[in-house]
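**Student:** Using the sequences provided together with the hints, build the complete structure.
The opening position of the sequence shown corresponds to residue 153 in this note's numbering, with each subsequent residue numbered one higher.
Rather than coming from a laboratory, the hints here were simulated on the basis of the structure.
Don't take each hint at face value.
[Claimed, not checked] Here are the simulated DSBU-like pairs of lysine-lysine, each with C-alpha atoms no more than 30 Å apart in a straight line: (1) Lys-341 to Lys-408; (2) Lys-300 to Lys-218; (3) Lys-408 to Lys-218; (4) Lys-261 to Lys-300; (5) Lys-261 to Lys-341; (6) Lys-341 to Lys-477; (7) Lys-408 to Lys-477; (8) Lys-485 to Lys-408; (9) Lys-218 to Lys-261; (10) Lys-341 to Lys-300; (11) Lys-218 to Lys-348.
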Amino acid sequence: LALMELPPDSNARETIEEIEMAGQRAAELARQMLAYSGKGRFVVQRIDLSGLVEEMTQLLRVSITKSAVLDYHFEPGLPSVEVDTTQLRQVVMNLVINASDAIGDDDGKIIITTGVMHADRDYLSETYLPQDIQEGEYVFLEVEDTGKGMDAETRGRVFDPFFTTKFTGRGLGLAAALGIVRGHRGAIKVTSEPGKGTTFRLLLPAAGPTAESSDTAGSSARPPRVWRANGTVLLADDETSVRNVTARALETFGFKTIRAVDGQDAVELFIRHRAEITCVLMDLTMPRMNGEEALAALLAIDPYVRVVLMSGFAEQEAMARFTGKGLAGFIQKPYEFERLRETLRAVLEAAPPSTAGYRRASSA
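**Tutor:** Below you can see the structure in the form of structure tokens.
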């Protein structure tokens, strides 16, 4: 919201963008913990590997020993890779922290390089890889350190769970990294000798061009049409700050808002204001009556009411839970406002099962 309200030339923009990025990293950590506890799913998307590592530079800088210098070599224009960004950031952090530990208190350097290469069968045979991995074009991330290096025996055990050369081990770091890379159909090559440092090269399959990018190649870019809505959204969230910020966002889209403090309040407000409410946006976890109970109550009042639920749980889990229960849409917290706008747009522009009881938002 602050970025939306600031002029483009404001001196505060860079600071707020840093705050936003820190919040996104915290959100990704929460999603990662949900996934490891079995309550979330990883989400694969196309990304630029150099861009992802570049975003992490400040985080990496404060995570390593003060005696080490970070040196970056990012190749521009890399092919995209299809990864879960939370997992891949974990791999990058593990490799860089491992390099920092190898340097210890001595002066040294950690060199992070990205690039693209063709990996043939001979090269792949020297890596830690799934058996069915194919020859072809790979995007690579290389983390090189000038630390103490490893002998052949240590190299052979470096990915074993709980194996460590440090006095206090860190558990599943490199073992988890290898598992993540294998899950992305990639590979890792390790090069190291005592006294000559260590290099980890992570290979990820290059993604081919998308149909969308092929269709739009060479065409002149047109500015996107900004969707504006009218009508009233009944917003229910028991967190005051979330409720207020979300209401402000909805109002910038063109909606009026009615705010409810929990599920029971939402049902009571819907009964009083049913004729003017365009859709309902509700948190899943609330006191007195949670989102699932409130959804059932609202549908009993109006079978055509459009309800969008919000939750920190993964979208796949939530949609599977509510299949066939009349849910119009779902958005995972935390979300960017553009994602909220597009979710509401999709819900409100979808063909209704019946025109009765629906109040459609207009677009311009």
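**Student:** Are the Cα atoms of Lys-261 and Lys-341 separated by 30 Å or less?
**Tutor:** Within the cut-off at roughly 20 Å; holds.
**Student:** Starting from Lys-485, check that the Cα of Lys-408 is at most 30 Å away, please.
**Tutor:** Holds, at roughly 22 Å.
**Student:** For a C-alpha distance cap of 30 Å, please report whether Lys-341 and Lys-477 respect it.
**Tutor:** violated, 49 Å
**Student:** Are Lys-300 and Lys-218 close enough, with their CA atoms no more than 30 Å apart?
**Tutor:** holds, 17 Å
**Student:** Do the alpha carbons of Lys-408 and Lys-218 lie within 30 Å of each other, as the hint requires?
**Tutor:** Given that 30 Å is the threshold and the Cα spacing comes to 52 Å, the pair is violated.
**Student:** Starting from Lys-341, check that the Cα of Lys-300 is at most 30 Å away, please.
**Tutor:** This hinted pair holds, its Cα atoms lying about 18 Å apart.
**Student:** Would the pair Lys-261 and Lys-300 pass a check requiring their Cα atoms to be no farther apart than 30 Å?
**Tutor:** At roughly 12 Å apart (the allowed maximum being 30 Å), Lys-300 and Lys-261 satisfy the hint.
**Student:** Quick one, are Lys-218 and Lys-348 close enough, alpha carbons at most 30 Å?
**Tutor:** Distance ~20 Å between Lys-218 and Lys-348 Cα, so the pair holds.
**Student:** So if I understand the rule, the pair passes when the alpha-carbon distance is 30 Å or less; does Lys-408 with Lys-477 pass?
**Tutor:** holds, 27 Å
**Student:** Starting from Lys-341, check that the Cα of Lys-408 is at most 30 Å away, please.
**Tutor:** Cα-Cα ~56 Å, so violated.
**Student:** With a cut-off of 30 Å on the C-alpha distance, tell me whether Lys-218 and Lys-261 pass.
**Tutor:** holds, 11 Å
In terms of the numbered hints stated before, the structure departs from hints 1, 3 and 6, listed from lowest to highest.
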